[in-house]
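Peer 1: Okay, here's what each chain looks like letter by letter:
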Amino acid sequence: MTRKQRRFALIAGGVAVLAVAVGLVLNALNDSIVFFNSPTDVVEKKVQPGTRLRIGGLVAPGSVERGENLAVRFQVTDGANTITVAYKGILPDLFREGQGVIAEGVLDTAGVKADSVLAKHDEKYMPREVADALKKQGHWQSDYDKGQGAATPASTPAQAPAPGPQSSVAKPASTGAATQ
Amino acid sequence: MIPELGHYALVLALALALAQAIVPLVGVRTGDAALIAVAKPTALAQFLFVGLSFAALTASYVVSDFSVENVAANSHSAMPLVYKITSVWGNHEGSMLLWVLILALFGALLAAFARNLPAALHGAILAVQAIVATAFYLFILLTSNPFARLAQPPLEGRDLNPILQDIGLAIHPPLLYVGYVGFSMAFSFAAAALLIGRIDAAWARWVRPWILVAWIFLTLGIAMGSYWAYYELGWGGWWFWDPVENASLMPWLAGTALLHSALVMEKREALKVWTILLAILTFSLSLIGTFLVRSGVLTSVHSFATDPARGVFILMILVLFIGGSLTLFAWRAPMLRQGGLFAPVSREGSLVFNNLFLTTACATVFVGTLYPLALEALTGAKISVGAPFFNMTFGPLMVPLLIAVPFGPLLAWKRGDLLGVAQRLMAASGAAILALVVTIAVAGGPVLAPLGIGLGVFVIVGAATDLAERIALFRAPAGTTLRRAAGLPRSAWGTAVAHAGLGVMLLGIVGESQWNIERITAMKAGDVATVGRYELAFDGLDQREGGNYRELVVRFSVREGGVRIATLAPSKRAFTHRDMATTEAALMRHGVGQLYVSLGDLNPDGSVAVRAYDKPLVLLIWIGTLVMAIGGGLSLSDRRLRVGAPRPSKARLAAQPAE
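As you go down the protein sequences, you meet chains A and B in turn.
Going by the UniProt record's numbering, the first sequence opens with residue 1, and the numbers climb by one from there.
Going by the UniProt record's numbering, the second sequence opens with residue 1, and the numbers climb by one from there.
One thing to keep in mind: the hints can contain errors.
If you want the ones that stay clear, here's a sample from chain A, every Cβ over 12 Å from chain B, calculated [as the list claims (entries may be wrong)]:
no.: 1; residue: 27
no.: 2; residue: 34
no.: 3; residue: 37
no.: 4; residue: 61
no.: 5; residue: 68
Each computed SDA-like pair below joins lysine to any residue, with the alpha-carbon atoms no more than 25 Å apart [claimed, not checked]:
no.: 6; chain 1: B; residue 1: 382; chain 2: A; residue 2: 23
no.: 7; chain 1: A; residue 1: 46; chain 2: B; residue 2: 412
no.: 8; chain 1: A; residue 1: 88; chain 2: B; residue 2: 415
no.: 9; chain 1: A; residue 1: 88; chain 2: B; residue 2: 412
no.: 10; chain 1: A; residue 1: 4; chain 2: B; residue 2: 592
no.: 11; chain 1: A; residue 1: 4; chain 2: B; residue 2: 415
no.: 12; chain 1: B; residue 1: 414; chain 2: B; residue 2: 396
no.: 13; chain 1: A; residue 1: 113; chain 2: B; residue 2: 414
no.: 14; chain 1: A; residue 1: 4; chain 2: B; residue 2: 418
no.: 15; chain 1: A; residue 1: 4; chain 2: B; residue 2: 412
no.: 16; chain 1: A; residue 1: 4; chain 2: B; residue 2: 605
no.: 17; chain 1: B; residue 1: 414; chain 2: A; residue 2: 5
no.: 18; chain 1: A; residue 1: 46; chain 2: B; residue 2: 383
Derived from the structure by calculation, the hints contain no laboratory data.
Every residue gets a Cβ at the ideal spot worked out from N, C-alpha and C, and that includes glycine.
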């Protein structure tokens, strides 16, 4: 092989691998992306039942109902609208009424049937998406301060944790084997 | 007084770094040896002063000086001493100080030990290293001063985040940082070579030990972080494809590619331009990782208090270094001489294959990590890219790479014989097929599991085949084999061990992800839950007082076939100072698998939510990474690569086999 042919083989190989990778990425982006919605988004955009989504907001105070065998239902609110979330499993350590939460699952007519509920390992946690959604609804100040003020009188900025493990994700009892 | 001394020492270190950045470069330009020689003492002095500064902050933590804002916000007088010390880097300011400390340490090591480097290259490398250091000193001093005082010191500190009150914090960040920052050496070597405009095989030989050191530590750091998350977060996951994890995985992938391409450059003087580019990209990815983690663009447990000024500053550093080095690359790289020729099927070709797949995989991780940020900035839509995305992109790209791993070391340089290598890998293929059949017969399960196990065995036996071929095992008399084994360069052992470690890790990943048994249920005293072949009996519940927390402990006994084999006591801790709870999982090892039990909430009826997993082979994940790191260490101990080794004589160099 001449130098030119070798170089061509190298470039062709590289382009082929890149093309496969681009294909994989586009395919995966189509199938596995989940959009974040606030309860208001769900109502206004008329999201169809059966859509997989992430719903974020505050856990409405007094809305948590625990059922048989680790089943739990709660309301997620952004002040303007409220969506019911049903979940089965262990909630993250920091799940509390009046605190920010993100649930991921499938929307049905009754609300969201979640297969994971996310909170973060910090007492002053407010998921950024949730904070933005609340600001948009104009409920940022009132809700946030009411929820936070009581729990944490200190007015210093939130200190989030350091290099260490990630956000805690509650996994449901129903997914069975594969966790990865 | 001590904090002020620390602050002052940091300012002095900045001044030294400025001198170290400018004077040697002027020397290189004018050919003034005296100016170039300034680099060495300034690098050593700079390390001394950053060391003093770090010691001052540590001292403030040890004596719980709450008049220092940083200490007050992250420490508590009731904490054990070890956590007081680890708290130093358990926060934004302190962790950046650790970052520059390690950066200065690498500079000092190069100044002290790399005696056989040409003076100009040595000076230029230290100068580039100092430019990086200058940027980070400015960042710390201008936006994140760890020594800031409080006008009214509180009586008690606000405690360290409970999640971080763990021995993991003592190990994971320092290891990871040595890895991240270690790649700055590869960057400095590359930038210096471009500045001087000369690059050859010797350059690759000089830079390789530094790449290896960084790679070993990054490997261990990522593995340690993964194990920490596994036992601390309480739901048994070991890799989450969290953006912050990806931030450490990307430099690891690029660094692994760099390790292999530097090999081609060292042996065959080929892939010069590519190696230089990879060195720049690897450190750029380390910087991007720092930016992602520290700027607050991502919400993650790893991100500290977000201050927009810091994000903008890090972004500026990022633009300066990545943009600057790539500009330098575009300007100078065309002047580099073309390297040696090789056929597509050859050792070089296999290493190119390795690089192609590693960098492409790195690119898919990059896309998955940054696409949501870009999309939100451009359209405002908020999306999440989770594990499914990475499993669908990263996974398929790893398969051809893993299949190719045993082939690489067996192929000859310049022109290889693929068919011959395939024949020599017959034993490995046979072992892989046997493992596949046995797995189907014993475990059944999803189709992916037996294939994965077969691939893992192929990689391990393939690595052993490489060694067996080199020492002529079974082909030559035992004496010859032993002599050959003794004469085999350590780097050959290192390659085989590291590749085998990859196979071991794959076995662990397949075992954990395919045969994990999960059981989540509410239990009361007297209840028994079955997890795989184990029975978990709830014996009782205790409340206990720890130093700065209260804990709820549940005692379980584990039975196998009716026989009691262990007791487990997972707990849930409530930290009063921060109003937080943590989950302490209890682990029982069986072989290389683990039984994992953690607690959820205490229900009003007195039952406790319990999460129990049986994870066969799970420990192989971390054992595999450890074996990989040992392989790296073996390679590092190879005489040719030893940093302080005297220059080999011309005759020995010529006689050296082309490994």
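Peer 1: Now tell me, hint by hint, if it's right for this structure.
Peer 2: Here is how each hint holds up against the structure:
no., hint, verdict
1, 27, "7 Å, violated"
2, 34, "5 Å, violated"
3, 37, "8 Å, violated"
4, 61, "17 Å, holds"
5, 68, "9 Å, violated"
6, B:382 to A:23, "23 Å, holds"
7, A:46 to B:412, "63 Å, violated"
8, A:88 to B:415, "59 Å, violated"
9, A:88 to B:412, "57 Å, violated"
10, A:4 to B:592, "51 Å, violated"
11, A:4 to B:415, "17 Å, holds"
12, B:414 to B:396, "29 Å, violated"
13, A:113 to B:414, "59 Å, violated"
14, A:4 to B:418, "22 Å, holds"
15, A:4 to B:412, "22 Å, holds"
16, A:4 to B:605, "77 Å, violated"
17, B:414 to A:5, "15 Å, holds"
18, A:46 to B:383, "18 Å, holds"
Of the numbered hints stated above, those contradicted by the structure are hints 1, 2, 3, 5, 7, 8, 9, 10, 12, 13 and 16, listed in ascending order.
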